[in-house]
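A.B. asks: Full structure from sequences and hints, please.
Numbering follows UniProt numbering, with no gaps: position 205 of the sequence shown is 205.
Certain hints may be false.
Pairs of lysine-lysine, DSS-like flavour, derived with a Cα cap of 30 Å [to be verified]:
1) Lys-106 / Lys-47
2) Lys-7 / Lys-160
3) Lys-7 / Lys-100
4) Lys-100 / Lys-43
5) Lys-14 / Lys-58
6) Lys-14 / Lys-134
7) Lys-106 / Lys-134
8) Lys-106 / Lys-58
9) Lys-160 / Lys-138
10) Lys-160 / Lys-43
11) Lys-160 / Lys-58
12) Lys-134 / Lys-100
13) Lys-157 / Lys-47
14) Lys-100 / Lys-160
15) Lys-95 / Lys-161
16) Lys-134 / Lys-7
17) Lys-138 / Lys-105
18) Lys-157 / Lys-14
19) Lys-7 / Lys-47
20) Lys-95 / Lys-138
21) Lys-160 / Lys-47
22) Lys-160 / Lys-105
23) Lys-138 / Lys-157
24) Lys-160 / Lys-95
25) Lys-138 / Lys-14
26) Lys-14 / Lys-95
27) Lys-157 / Lys-106
28) Lys-47 / Lys-161
Pair by pair, the computed Cβ-Cβ distance ranges are [claimed, not checked]:
29) Leu-121 / Gly-3: 39 to 45 Å
30) Leu-129 / Lys-14: 20 to 26 Å
31) Ser-154 / Thr-88: 21 to 27 Å
32) Thr-27 / Lys-134: 16 to 22 Å
33) Ser-92 / Leu-121: 24 to 30 Å
34) Glu-153 / Arg-44: 16 to 22 Å
35) Gln-131 / Ser-171: 15 to 21 Å
36) Arg-28 / Phe-168: 23 to 29 Å
37) Asp-108 / Asn-15: 28 to 34 Å
38) Asp-108 / Arg-29: 27 to 33 Å
39) Phe-168 / Leu-121: 32 to 38 Å
40) Ala-122 / Phe-168: 30 to 36 Å
Hints listed in this document are in silico derivations from the structure and should not be mistaken for laboratory results.
The C-beta atom is built at its ideal place from N, Cα and C for all residues, glycine as well.
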Amino acid sequence: MSGLVIKLAIIGGKNSGKSALAVRFLTRRFIGEYDSNSDVCIKRNIKLAGESVELHIKDTAGSVWLKGPAALIGWSSVIVIVYSVTDTRSFSLAKYILNKINICKKIDKSSILLLGNKNDLAHLREISLNQGIKLAQKHGTHFAETSAANDYESVDKAFKKLLFMKIFAVSKIQTIEPISFTRKFSLNTSDLSKKKKSKCLRRISVSSNCPSQESISSSSNNEDVKTLNKTSLCKQNKLISVKSKKVKSFH
1 MSGLVIKLAI IGGKNSGKSA LAVRFLTRRF IGEYDSNSDV CIKRNIKLAG
51 ESVELHIKDT AGSVWLKGPA ALIGWSSVIV IVYSVTDTRS FSLAKYILNK
101 INICKKIDKS SILLLGNKND LAHLREISLN QGIKLAQKHG THFAETSAAN
151 DYESVDKAFK KLLFMKIFAV SKIQTIEPIS FTRKFSLNTS DLSKKKKSKC
201 LRRISVSSNC PSQESISSSS NNEDVKTLNK TSLCKQNKLI SVKSKKVKSF
251 H
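C.D. replies: Here it is as structure tokens:
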């Protein structure tokens, strides 16, 4: 598999840090200020799981989901829903987005990541870790908590895990199914060859057990000779007995 294209939509409320997460994943750099009201599309070629991937990241404003997210969901291969653990409103928006996705049903839940950001700000936390886990479990999505500002490793791990799962799903469809088909085909052909072999063996065994035409004819000839000999002997015995009777009568 080569030239795989994955379209990633990253969505979240204002000041959730979604744009900072996207840039952090792609460049390792942290930039704190972004225009959260405009959509940005970034294209990168990356190497992941031994595959060349053309990654399109669409950084979308939260208002898109309030207007109608069906088109964006249809565009996306994978979706990252971001909320800030310091903002209850961004968590409520994440719930709303997940409910909208349930209604649309255009994307598999294994292609969605619920990502809590800013977990380094423990003194400002409003959403507990357990709340995020329960929301992800309710909707059957992946979950992670991270900090775009302080933890590049966890950001990289969360994004790559989601992308890897997508690559695995695509490769499973394109590679594993044809293999299973060829296995079935090879099994069928081997079964046919076995049947042919068994038929041949049966023919050989039957032919070996049955005598040939020559042997049948020869055996029948021998039997005819035997019967002829028996009849001739019987006739001779009858003649002898008749003669002996005549001789007796003369006496």
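A.B. asks: State for each hint whether it applies.
C.D. replies: Right, here's what the structure says about each hint:
Between Lys-106 and Lys-47, the direct Cα distance comes to roughly 27 Å. Compliance with the 30 Å bound is thereby established for this hinted pair. A C-alpha spacing of about 13 Å is found between Lys-7 and Lys-160, which places the hinted pair at or below 30 Å, so the restraint holds. Distance hint between Lys-7 and Lys-100 is fulfilled; the C-alpha atoms sit about 19 Å from each other, no more than 30 Å. Restraint check for Lys-100 and Lys-43: satisfied, since their Cα atoms lie roughly 26 Å apart, inside the 30 Å limit.
Straight-line distance between C-alpha atoms of Lys-14 and Lys-58 comes to about 16 Å, which keeps the hinted pair within the 30 Å bound. Note on Lys-14 and Lys-134: the hinted pairing holds, with a Cα-Cα distance of about 23 Å set against a maximum of 30 Å. Using a Cα cut-off of 30 Å, the hinted pair Lys-106 and Lys-134 holds, with the two alpha carbons roughly 23 Å apart. About 17 Å separates the Cα atoms of Lys-106 and Lys-58, which keeps this hinted pair within 30 Å; it holds.
The hinted pair formed by Lys-160 and Lys-138 meets the criterion: a straight-line CA distance of about 23 Å does not exceed 30 Å. A distance of roughly 16 Å separates the Cα atoms of Lys-160 and Lys-43; the hinted pair therefore holds under the 30 Å criterion. Taken as a hint, the Lys-160 and Lys-58 pair is honoured in the structure, with Cα atoms around 16 Å apart against an allowance of 30 Å. Of the pairs offered as hints, the one joining Lys-134 and Lys-100 holds, with about 18 Å between alpha carbons and a cut-off of 30 Å not exceeded.
For a cut-off of 30 Å, the pair hint linking Lys-157 to Lys-47 stands: about 14 Å separates their Cα positions. Simply put, Lys-100 and Lys-160 have alpha-carbon atoms about 25 Å apart, close enough for the 30 Å limit, and the pair holds. At roughly 22 Å between alpha-carbon atoms, Lys-95 and Lys-161 fall within 30 Å of each other, so this suggested pair holds. Between Lys-134 and Lys-7 the alpha-carbon distance is near 27 Å, which keeps this suggested pair within the 30 Å criterion.
Distance restraint check for Lys-138 and Lys-105: the Cα-Cα separation of roughly 15 Å lies within the 30 Å cut-off, and the hinted pair is therefore satisfied. A hinted pair counts as satisfied when its Cα atoms are at most 30 Å apart, and Lys-157 with Lys-14 qualifies at roughly 24 Å. Between Lys-7 and Lys-47, the direct Cα distance comes to roughly 15 Å. Compliance with the 30 Å bound is thereby established for this hinted pair. Among the hinted pairs, Lys-95 with Lys-138 is consistent with the structure: their alpha-carbon atoms are about 10 Å apart, no more than 30 Å.
For the hint linking Lys-160 to Lys-47, the alpha-carbon distance of about 11 Å falls within 30 Å, and the restraint holds. Restraint check: the Cα-Cα separation between Lys-160 and Lys-105 comes to about 24 Å, which is no more than 30 Å; the hinted pair holds. Using a Cα cut-off of 30 Å, the hinted pair Lys-138 and Lys-157 holds, with the two alpha carbons roughly 23 Å apart. The straight-line distance between the Cα atoms of Lys-160 and Lys-95 is roughly 23 Å, inside the 30 Å bound, and the hint therefore holds.
At roughly 24 Å between alpha-carbon atoms, Lys-138 and Lys-14 fall within 30 Å of each other, so this suggested pair holds. Proposed proximity of Lys-14 and Lys-95 is supported: the alpha carbons are some 15 Å apart, at most 30 Å. Proposed proximity of Lys-157 and Lys-106 is supported: the alpha carbons are some 26 Å apart, at most 30 Å. For the hint linking Lys-47 to Lys-161, the alpha-carbon distance of about 13 Å falls within 30 Å, and the restraint holds.
One distance hint, 39 to 45 Å for the beta-carbon pair Leu-121 and Gly-3, holds here, with the actual separation near 41 Å. At roughly 23 Å, the beta-carbon separation of Leu-129 and Lys-14 lies within the given 20 to 26 Å, and the hint holds. Checked against the given bound of 21 to 27 Å, the beta carbons of Ser-154 and Thr-88, roughly 23 Å apart, stay inside it. Take Thr-27 and Lys-134: their Cβ atoms lie about 33 Å apart, and the range 16 to 22 Å is violated.
Look at Ser-92 against Leu-121: about 19 Å separates their beta carbons, and that is not inside 24 to 30 Å. For Glu-153 and Arg-44, the hinted distance range of 16 to 22 Å is satisfied, since their beta carbons lie about 19 Å from each other. Checking the proposed 15 to 21 Å range against Gln-131 and Ser-171 shows it is violated: the Cβ atoms sit about 34 Å from each other. The supplied range of 23 to 29 Å is met by Arg-28 and Phe-168, whose beta-carbon atoms lie about 25 Å from each other.
The supplied range of 28 to 34 Å is met by Asp-108 and Asn-15, whose beta-carbon atoms lie about 29 Å from each other. For Asp-108 paired with Arg-29, a C-beta distance near 32 Å keeps the hint of 27 to 33 Å intact. One distance hint, 32 to 38 Å for the beta-carbon pair Phe-168 and Leu-121, holds here, with the actual separation near 34 Å. A hinted range of 30 to 36 Å holds for the C-beta pair Ala-122 and Phe-168, which are about 34 Å apart.
Figure legend: structure checked against the earlier numbered hints; hints not met, in rising order: 32, 33, 35.
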